[in-house]
Each structure stands twice: as structure tokens, then as C-alpha cells.
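Number of protein chains: 2
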Amino acid sequence: MITPEIQAELTAIVGEERFRTDPESRISHSYDATPMFQSLPDGVIYPASTGEVQKILRIASNYSIPVVGRGSGSNLSADTVPSKGGLVMVMTRMNRILELDRNNHTLTVQPGVYTQTIHDTVEKEGLFYPPDPSSMAISTIGGNIAECSGGLRGLKYGTTKDYVLGLEAVLANGEVIRTGGKLYKDVAGYDLTKLLVGSEGTLAIITEATLKLIPLPESRRAMVAHYTDLDAAARTVSRILSEGIIPCTLEFMDQKTIQVVEEYANIGLPKEMAAILLIEQDGPPAVVENDIHQIRKICQETGATHMEMAQTEAEGTRVLAARRNALAALARLRPTLILEDTTVPRSEIAPMVREINRIADKYQLNICTFGHAGDGNLHPTLLTDARDPEEIERAELAFSDIFAAAIRLGGTVTGEHGVGLAKAPYLEWKTGRIAIEVMKGIKKAFDPQGILNPGKIFADTLRTERVGD
Amino acid sequence: MITPEIQAELTAIVGEERFRTDPESRISHSYDATPMFQSLPDGVIYPASTGEVQKILRIASNYSIPVVGRGSGSNLSADTVPSKGGLVMVMTRMNRILELDRNNHTLTVQPGVYTQTIHDTVEKEGLFYPPDPSSMAISTIGGNIAECSGGLRGLKYGTTKDYVLGLEAVLANGEVIRTGGKLYKDVAGYDLTKLLVGSEGTLAIITEATLKLIPLPESRRAMVAHYTDLDAAARTVSRILSEGIIPCTLEFMDQKTIQVVEEYANIGLPKEMAAILLIEQDGPPAVVENDIHQIRKICQETGATHMEMAQTEAEGTRVLAARRNALAALARLRPTLILEDTTVPRSEIAPMVREINRIADKYQLNICTFGHAGDGNLHPTLLTDARDPEEIERAELAFSDIFAAAIRLGGTVTGEHGVGLAKAPYLEWKTGRIAIEVMKGIKKAFDPQGILNPGKIFADTLRTERVGD
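Protein chains in written order, with full-length UniProt numbering: chain Y, 1 to 469; chain F, 1 to 469.
Hints are not guaranteed to be accurate.
To be verified - Quick list of in silico lysine to aspartate or glutamate cross-link-like pairs, EDC-like style, CA-CA up to 16 Å:
{"#": "1", "chain 1": "F", "residue 1": "Lys256", "chain 2": "F", "residue 2": "Asp229"}
{"#": "2", "chain 1": "Y", "residue 1": "Lys124", "chain 2": "Y", "residue 2": "Asp101"}
{"#": "3", "chain 1": "F", "residue 1": "Lys297", "chain 2": "F", "residue 2": "Glu308"}
{"#": "4", "chain 1": "F", "residue 1": "Lys212", "chain 2": "Y", "residue 2": "Asp162"}
{"#": "5", "chain 1": "Y", "residue 1": "Lys212", "chain 2": "F", "residue 2": "Asp162"}
{"#": "6", "chain 1": "F", "residue 1": "Lys124", "chain 2": "Y", "residue 2": "Glu243"}
{"#": "7", "chain 1": "Y", "residue 1": "Lys124", "chain 2": "F", "residue 2": "Glu243"}
{"#": "8", "chain 1": "F", "residue 1": "Lys362", "chain 2": "F", "residue 2": "Glu393"}
{"#": "9", "chain 1": "F", "residue 1": "Lys444", "chain 2": "Y", "residue 2": "Glu437"}
{"#": "10", "chain 1": "Y", "residue 1": "Lys362", "chain 2": "Y", "residue 2": "Asp401"}
{"#": "11", "chain 1": "Y", "residue 1": "Lys444", "chain 2": "F", "residue 2": "Glu243"}
{"#": "12", "chain 1": "Y", "residue 1": "Lys84", "chain 2": "Y", "residue 2": "Asp460"}
{"#": "13", "chain 1": "Y", "residue 1": "Lys212", "chain 2": "Y", "residue 2": "Glu99"}
{"#": "14", "chain 1": "Y", "residue 1": "Lys297", "chain 2": "Y", "residue 2": "Glu243"}
{"#": "15", "chain 1": "Y", "residue 1": "Lys212", "chain 2": "Y", "residue 2": "Glu123"}
{"#": "16", "chain 1": "F", "residue 1": "Lys212", "chain 2": "F", "residue 2": "Glu125"}
{"#": "17", "chain 1": "F", "residue 1": "Lys212", "chain 2": "F", "residue 2": "Asp162"}
{"#": "18", "chain 1": "F", "residue 1": "Lys212", "chain 2": "F", "residue 2": "Glu123"}
Unchecked claim - Take a look, some chain Y residues computed to stay more than 12 Å from chain F by CB distance:
{"#": "19", "residue": "Ala12"}
{"#": "20", "residue": "Ile13"}
{"#": "21", "residue": "Arg20"}
{"#": "22", "residue": "Glu24"}
{"#": "23", "residue": "Arg26"}
{"#": "24", "residue": "Ser77"}
{"#": "25", "residue": "Thr92"}
{"#": "26", "residue": "Thr121"}
{"#": "27", "residue": "Thr159"}
{"#": "28", "residue": "Arg220"}
{"#": "29", "residue": "Lys256"}
{"#": "30", "residue": "Thr317"}
{"#": "31", "residue": "Asn325"}
{"#": "32", "residue": "Gly455"}
{"#": "33", "residue": "Thr461"}
Hints listed in this document are in silico derivations from the structure and should not be mistaken for laboratory results.
Glycine included, each C-beta is placed from N, C-alpha and C at the ideal position.
Can you build the whole structure from these sequences, using the hints too?
Here it is as C-alpha cells:
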């Protein structure tokens with residue numbers, strides 16, 4: 001509850017325009033990109049500096065008000081839904097690029113900078129920030145750090161975690177910490193930098209980040225391989241990697257996804273195929289040529305029925321856009337799209353896809369599967385309608401079965417989308433109870449009152465793992 | 001204090017031969033590779049399984065006995081010196097390689113496996129585990145994980161942290177947690193894996209690790225460049241990296257180090273030079289040839305007075321051995337060698353080396369500096385005599401000045417050796433007081449009684465940073 005007294009204190013920090021309690025502001029910050037989760041905040045506040053964030057958090061601490069940090073809200077785990085009310089703190093005014101350090105290959109930014117802006121800024125200088133979540137055109141780097149965003153290039157280049165060298169962050173009590181620095185090696189105490197990355201706004205509010213950049217690859221080349229048989233596609237993935245080639249992109253689409261994307265984008269995808277692989281390599285031209293040549297040979301030998309080689313980088317970009325557009329394509333078909341994020345060891349991709357298909361049939365659901373074959377990160381995606389409670393109930397049972405199958409195959413309940421509200425009931429399936437107790441202790445070390453993004457990661461109620469299915 | 005009752009309980013777990021309280025066992029586990037730190041444990045115990053580790057820790061918890069996990073004790077931060085007595089738990093019996101998974105490019109090992117054994121095992125299969133701490137012939141992987149060991153290849157390939165995908169670890173109360181897995185993406189809760197890496201045995205005892213492997217580079221080529229001018233060497237480093245080349249090794253040695261290593265190894269190093277750079281590149285032969293050619297050109301243009309190109313891989317290995325042997329060479333000269341580990345942004349290497357030399361002159365000390373130029377990780381190394389209290393006092397003042405200089409230049413007090421006992425008084429200079437409070441809270445979440453490696457990371461007494469120097 002925001003009393004008039006608290007309202008006055010908050011307004012004194014940011015001004016009337018930047019602290020909103022009107023219904024429009026509250027409603028538009030009651031949800032994020034995750035379907036079926038919504039909860040009204042008591043107010044929405046827009047700090048412009050670390051100092052303002054500190055002051056806001058001191059007030060929130062004083063009055064025990066929940067605070068949900070948020071950028072564009074493009075996450076897919078309901079991580080920025082203010083499920084316990086309180087304040088949504090929108091970080092988009094802190095959107096300055098503070099320094100591009102060419103000598104040390106670092107970029108220092110405020111949290112509200114768009115991921116795409118980072119790409120554009122550094123690539124002009126011949127540098128590269130690899131993480132490329134599908135939402136990168138609209139996502140903020142603060143959100144990417146909070147979620148440890150992945151993307152298509154994760155296999156070769158890693159995820160957001162691998163590119164955060166240092167952070168400035170404000171604790172729940174308003175104190176500021178600075179971790180890491182322009183340092184490629186730093187073992188001074190526990191690694192708070194890596195702990196904050198992926199902590200989903202539950203430990204601190206990130207107010208500045210120093211990112212690691214690498215040299216921009218000189219060239220890139222893409223290709224597509226078609227399969228009438230799922231296992232043949234899995235064999236290709238396995239062979240490519242076992243021959244020592246790590247492509248920068250190695251994406252998988254199943255038949256249902258191919259059909260939907262082709263209907264949407266009309267780019268010549270073969271709708272009768274069981275699977276396609278979208279493969280891209282980057283690096284020095286000679287290496288790229290050689291790798292793509294070898295990959296082509298491997299595709300042939302492992303049972304691809306057809307291959308298309310992009311002749312130019314632009315053509316390659318167009319081909320990969322098909323994968324990037326998969327979500328938009330799927331979203332057109334039915335009112336609600338639930339995008340899941342199970343990850344398995346990459347040797348288990350074919351068994352996992354078969355499990356997903358079996359479970360979809362069992363519950364009579366329409367699930368399309370695509371994802372990052374090289375790192376085992378699959379996105380089984382349900383096309384449904386949130387207004388149909390009976391179908392949604394079946395969907396919950398199906399996803400519960402899918403998570404259990406991923407765990408059985410040595411996988412995890414979320415590879416890159418985060419736990420948030422959506423996965424919290426299932427977290428224990430992956431980590432066990434003891435690890436969750438430890439994590440709660442860590443949360444307490446940062447935020448003893450529990451005001452930062454409460455209700456996320458740690459579930460109020462757990463799902464019981466059903467056995468024998 | 002280990003009473004006869006506790007002794008009986010511990011002996012019941014591991015047998016009489018594996019729990020030792022004799023003076024020889026206690027003395028030989030009272031120190032590690034760090035000079036000037038020694039403290040007797042009450043006993044030394046050798047578990048053979050996770051189950052035994054659990055039982056030992058339950059007893060230690062019951063009786064509040066400190067437990068210091070240890071491999072070979074090759075760390076340089078006094079991290080395995082049992083400064084509060086108690087048990088040294090030696091993990092070397094748990095030394096099995098559990099699985100090499102060729103499909104998923106992972107290796108699962110027990111903590112007592114030697115780092116070198118890991119290299120040999122996976123390289124035979126065309127795979128690569130890059131971290132290469134100087135102690136790798138004798139260090140154990142458990143120790144490497146506890147310390148987040150670096151090495152010569154850190155710039156291009158990262159450190160131990162970047163290669164640990166999953167852990168099994170026993171908490172102080174004897175409970176087991178399993179983190180991560182054969183997963184390249186996993187955001188299920190806080191990243192306990194990365195938090196445990198580099199936690200110096202203060203959070204849990206690691207009993208199993210799943211390591212990430214990458215394809216073994218096809219070829220490698222080394223060269224040496226000589227400089228009469230420190231800044232010219234720094235310019236070379238900067239130019240190489242700014243042209244988009246990331247060598248796998250980019251090592252720096254100052255004049256004093258060159259002189260000592262040459263006297264020891266007699267490999268033709270130029271004793272009159274101000275600095276040399278040892279440079280190695282690996283990868284596909286065409287890339288390596290091209291990079292080395294470009295690097296050679298850059299060295300010339302930035303002021304190297306002489307260059308030597310290794311004609312074969314074997315010759316390159318011999319050249320790099322000079323750097324690997326630096327420590328042994330230095331150790332011959334005087335009874336005590338104190339190897340420091342300050343790290344600065346790589347743009348600050350030349351200023352940092354100049355600071356080190358100024359400080360050495362000021363305190364009339366013999367400090368040789370070598371290290372990893374590409375990642376700014378320098379090892380200023382003092383040749384001294386622990387039996388000379390007056391010189392040791394000057395040394396402490398000098399190192400205190402060196403750490404302060406590193407912090408001023410945006411650096412850290414330890415890049416790869418860890419905090420342990422040796423750096424604990426200085427940790428706050430890097431992290432600030434608030435972050436240390438948070439770290440203590442994290443420690444409490446794992447080990448509420450504080451029995452795991454007590455006295456490490458968090459200092460009993462702090463150093464006051466002296467200003468105006």
C-alpha cells in the first residue's frame with residue numbers, strides 16, 4: 001500500500017511525472033511478455049540515476065514495499081509481473097552508453113540501453129557483443145543481465161554471463177556495491193558479478209554494467225539442411241561437433257514450426273520435412289569456407305535430403321531471420337502462445353523432441369518445437385487460448401510432463417528464460433530442496449526483508465513431480 | 001581439539017590408516033606453497049567417497065571442528081593452511097576420471113585428479129581443457145576449482161570458471177547438492193556452480209565436477225619479441241589486440257626476470273633487454289600463420305628490437321617453458337620467494353610495472369615482474385629471506401603499496417591466486433565493506449557454523465589503506 005505520505009516521499013525524488021499511480025500506468029505495468037500472468041502494481045517509478053535508485057530503495061525498505069526492477073518487460077518467465085504489488089521500477093531512463101574502451105575491449109552502460117543499440121555501437125568499431133536474445137531489438141541490457149539471456153550464438157560464444165565483467169548494483173537497503181571491473185581475471189572474494197547475472201532482480205538493482213567485447217568476426221556464411229527423419233538431424237549435430245567444428249549458430253525447427261513459419265514468411269521452407277537445421281559459421285573467410293564445406297559434407301553423410309547454401313552474408317541473414325521470426329509466426333495462429341525453454345544435454349535432443357511430441361499427442365495439444373540444437377536448448381511452444389480453461393489445464397499437465405522428461409534426460413527446466421513466477425513451482429525438480437534452501441540464504445544476504453522482486457524464483461507452492469508417466 | 005571420542009568416530013569412517021594425528025602428518029599439512037604461513041592441524045583425514053565426506057562433515061558440524069579441504073596444496077594464498085587448527089581433509093584418494101562424454105564434450109572427474117592428467121586424457125581424444133595454471137603438473141582439479149585457477153591461456157580461453165558446468169558438493173552439515181550438469185545453458189536459480197568456483201573451500205567441499213571441453217586446436221606457433229623499452233612492449237600488446245588478434249599466450253617478462261631465468265635455463269634470452277613478450281597463437285594452420293605474420297609486423301612497427309620465431313611446435317613449447325620455469329628460476333636465488341598476483345586493466349600494464357619498480361626501489365627490494373600481459377595479470381615476485389624480519393617488514397610495506405597502486409589503476413588485489421589468508425586483509429580495498437558483508441551472508445547460507453576453511457577470505461584484522469603515497 002502506497003500511502004499519501006510514501007507517495008509524497010517518492011515524488012520528491014523523481015518528480016510528479018516520474019512516479020505514477022494512475023490506472024493506465026499501473027495496468028500497462030501489470031504484465032510482461034509472458035502470457036497468463038498479470039498483477040497490478042501500486043505505482044510505477046522511473047529513476048534517472050543510481051542516487052535516485054538508492055533513495056527509492058531506502059523508502060521501500062523503510063515501508064517494506066516490494067520493488068520489481070524492469071526494462072522492456074520482454075522476459076518470458078513473468079519475472080517483471082509485480083505479483084505482490086508494490087512498485088515497478090522502470091530503468092529505461094538510465095539509458096546512456098558511458099564508455100567504449102577500445103584498449104581494454106569493454107563497454108560500460110546503464111541498464112536501460114537496448115541490446116540492439118549495444119550491437120550497433122560496438123560493431124561500428126569492429127567489436128562484437130555476442131549475446132543475441134530473440135527480443136534484442138527491444139530488450140534492455142539490464143533485463144538481459146537479470147535474466148542471463150542467451151540467444152542463437154550461445155553454443156560458440158556463451159550467454160550474457162560470459163560477457164559481464166563488472167557491475168554497479170544497489171542493494172535493497174539502498175547501499176551500492178561495485179563488483180569486478182575491466183578485468184579478465186579477478187578472484188577477490190566470491191564472484192558477485194556472476195551471481196547477480198541471472199538473479200532476476202531478486203538480489204539487487206543493476207545500475208551500471210561493464211561488458212566484455214571481442215573482435216568482430218570477419219565474415220559469416222549460413223546454410224540450411226532438410227531432413228525427413230529427426231534422428232538424421234540429431235546425427236548431423238553430433239557429427240559436426242565431434243569433428244571439432246563449433247558453428248556460431250546451429251538451430252533446429254521441427255515440422256510443425258517449419259509449416260507455420262513458411263506460411264507466415266514465405267521464404268521457401270520445405271513444409272513436408274521432419275526437421276531442418278539452420279547453420280551459420282563466422283570467422284576468418286578461409287576458416288568459414290572450410291567449415292561450411294565440411295558441414296555440408298557431414299549433412300550429406302548423415303542423411304540430409306537437401307541443402308541450401310547462402311551465397312552471400314545478406315542471404316544468410318535472411319535465412320536466419322526465418323528462425324528469429326518463428327515466434328512471431330507462431331503467435332499469429334492462436335490467441336495465446338506459451339513458449340517453453342527446457343534444455344537437455346545436446347546428445348538428448350532427438351529423444352527430447354520425441355518426448356515432447358508424445359506428450360503433445362497425449363494431451364491433444366498443438367506444440368511446435370524449435371531451438372538451439374548445439375546447446376540442447378529447446379523451445380516447445382504451445383499454441384492455445386488462455387480463455388479456454390479446459391485446454392489450459394491440459395497444457396499445464398503437458399508442460400509438467402515435459403519438464404519431468406527434461407530432468408530425466410539430464411536437463412533443466414529453464415535454459416535461458418529464467419525461473420520467475422512461471423517456473424518457480426518446478427525449480428526444486430532441478431536443484432533439489434537443499435540447494436533451494438542455500439539460494440534462499442543467499443537472497444537473505446542481499447535482501448533480508450525480501451522486498452526485491454518477491455515471489456520470483458522461490459515458489460509459494462510447489463508442484464509435485466508425478467511419477468510413472 | 002580432537003578428543004578420543006571424536007577420533008574414534010572419524011577412524012570408524014575411514015580406517016586407522018586414513019585418519020592421522022601423528023606429528024609428521026600434522027606438520028606436513030601445516031603449510032602449502034605459500035611462504036611464511038604455517039599452522040598445525042589437529043588431524044589429517046583422507047576420505048575415499050562422497051559418502052565419507054558427508055560423514056566427516058557431520059561429525060565436524062556436531063563438534064564445531066574446522067575443516068580445510070585440500071588437494072596438492074599448490075595454491076599461493078595460504079588457502080590450505082589450517083590457521084584455526086581442526087582437520088585437513090585431503091581429497092587425493094578421490095582421483096578417478098568418471099566419464100569422458102564425447103558427444104557432449106564433457107569430462108566428469110573426482111576432485112583429486114591432477115590437472116595434467118585431465119589435459120593428457122582429453123588431448124588424446126582431440127579435445128581440450130584450456131586452464132593451465134603453472135602448477136598443473138601437481139595441482140588437483142578440486143584445488144583449481146576452489147581457487148578458480150587461471151594460467152597462460154586465460155586471455156583467449158578464460159579461466160577454470162569458464163569450464164565448470166556442474167558440481168557435486170557437500171555442505172558443512174553433510175548435505176549434498178548437485179549443481180548444473182552437461183548443460184551449456186541453465187538458468188534454474190542462482191548460479192551456485194560459478195559461485196562455488198573460486199570460493200576457496202569456504203562454502204562446500206567439492207566431490208565431483210563436470211568440465212566443459214572444446215576441440216583441440218589443430219596447430220600452434222610461438223615467437224619471442226625483445227624490447228629495450230617497456231612502453232614499446234605495452235604498445236605491441238595493445239596493437240595486437242586492437243587489430244582483432246587474440247593470441248592464446250601473451251606473456252611478459254621484465255629485465256630482472258629475464259636475467260634470472262636465463263641464468264637458470266640458459267636458453268638464449270637477451271639479458272640486456274627491458275622486457276620480452278612471449279607470444280603464441282593456436283588454431284587452424286592458415287589462421288595461425290596469418291596471425292603470427294601480422295603479430296611479427298606489429299612487433300616491428302611498435303618498436304621490438306629483435307624477434308625470434310619458433311620454427312616448430314616443439315621449439316615453441318621450449319620457448320614457453322622459459323616462462324613456465326620463471327618461478328623455479330627465481331626460487332633458486334634466495335631462500336624465500338613471495339609471488340604476488342595484482343591485476344590491472346591491460347591498458348595499465350606499463351604504468352603498473354613502473355609503479356612496481358618505483359616501489360621496489362623505495363623499499364630497496366629485489367622484485368622481478370612477469371605475467372600475463374593480455375589480461376593484465378602481473379606477478380611481481382619478491383626474492384627475500386623469511387628469516388630477516390627487517391626485510392620482511394619492508395616487503396609487507398612494499399606489497400601494500402603495490403596493491404594500492406593496482407586498485408588506483410582500476411585493478412584488483414588478486415587475479416588468479418585467491419584471497420586465502422594472504423590477501424584477506426586487503427580484500428576490502430577492492431570490494432568495499434558492503435560487498436564483504438554480503439559475502440559473509442553468502443558464507444552463512446552455506447556454512448552457518450563457519451567450520452569450512454575458517455579465517456580465509458574474511459580477515460580477522462584489516463589493513464588500513466595508506467593514503468598520499
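Now the hints, each set against the structure:
1. Lys256/F / Asp229/F: Holds: lysine 256/F and aspartate 229/F sit about 14 Å apart, inside 16 Å.
2. Lys124/Y / Asp101/Y: With a Cα-Cα distance of about 13 Å, the restraint between lysine 124/Y and aspartate 101/Y holds, given a limit of 16 Å.
3. Lys297/F / Glu308/F: 12 Å, holds
4. Lys212/F / Asp162/Y: Given pair lysine 212/F, aspartate 162/Y holds - Cα atoms ~14 Å apart, limit 16 Å.
5. Lys212/Y / Asp162/F: 14 Å, holds
6. Lys124/F / Glu243/Y: 14 Å, holds
7. Lys124/Y / Glu243/F: 14 Å, holds
8. Lys362/F / Glu393/F: Status holds; Cα separation ~13 Å.
9. Lys444/F / Glu437/Y: Roughly 12 Å between the alpha carbons, so the hint for lysine 444/F and glutamate 437/Y holds.
10. Lys362/Y / Asp401/Y: 10 Å, holds
11. Lys444/Y / Glu243/F: 45 Å, violated
12. Lys84/Y / Asp460/Y: The hint holds at about 11 Å.
13. Lys212/Y / Glu99/Y: 12 Å, holds
14. Lys297/Y / Glu243/Y: 12 Å, holds
15. Lys212/Y / Glu123/Y: Roughly 13 Å between the alpha carbons, so the hint for lysine 212/Y and glutamate 123/Y holds.
16. Lys212/F / Glu125/F: Answer holds: lysine 212/F to glutamate 125/F is near 14 Å, not above 16 Å.
17. Lys212/F / Asp162/F: Roughly 8 Å separates the two Cα atoms, so the pair holds.
18. Lys212/F / Glu123/F: 13 Å, holds
19. Ala12: 25 Å, holds
20. Ile13: The claim holds: isoleucine 13/Y sits with its nearest Cβ about 21 Å from chain F, beyond 12 Å.
21. Arg20: 31 Å, holds
22. Glu24: Holds, since 33 Å exceeds 12 Å.
23. Arg26: Fine: 29 Å to the nearest Cβ keeps arginine 26/Y off the interface.
24. Ser77: Non-interface label fails for serine 77/Y: nearest chain F Cβ at 9 Å, not farther than 12 Å.
25. Thr92: Non-interface label on threonine 92/Y holds, nearest chain F Cβ at 23 Å vs cutoff 12 Å.
26. Thr121: Given a closest Cβ separation of 17 Å, the condition holds.
27. Thr159: Answer for threonine 159/Y: violated, closest chain F Cβ roughly 6 Å.
28. Arg220: 15 Å, holds
29. Lys256: Lysine 256/Y is indeed farther than 12 Å from all Cβ atoms of chain F, at 23 Å.
30. Thr317: The claim stands: threonine 317/Y keeps its Cβ more than 12 Å from every Cβ of chain F (closest is about 21 Å).
31. Asn325: Answer for asparagine 325/Y: holds, closest chain F Cβ roughly 21 Å.
32. Gly455: The claim holds: glycine 455/Y sits with its nearest Cβ about 15 Å from chain F, beyond 12 Å.
33. Thr461: 17 Å, holds
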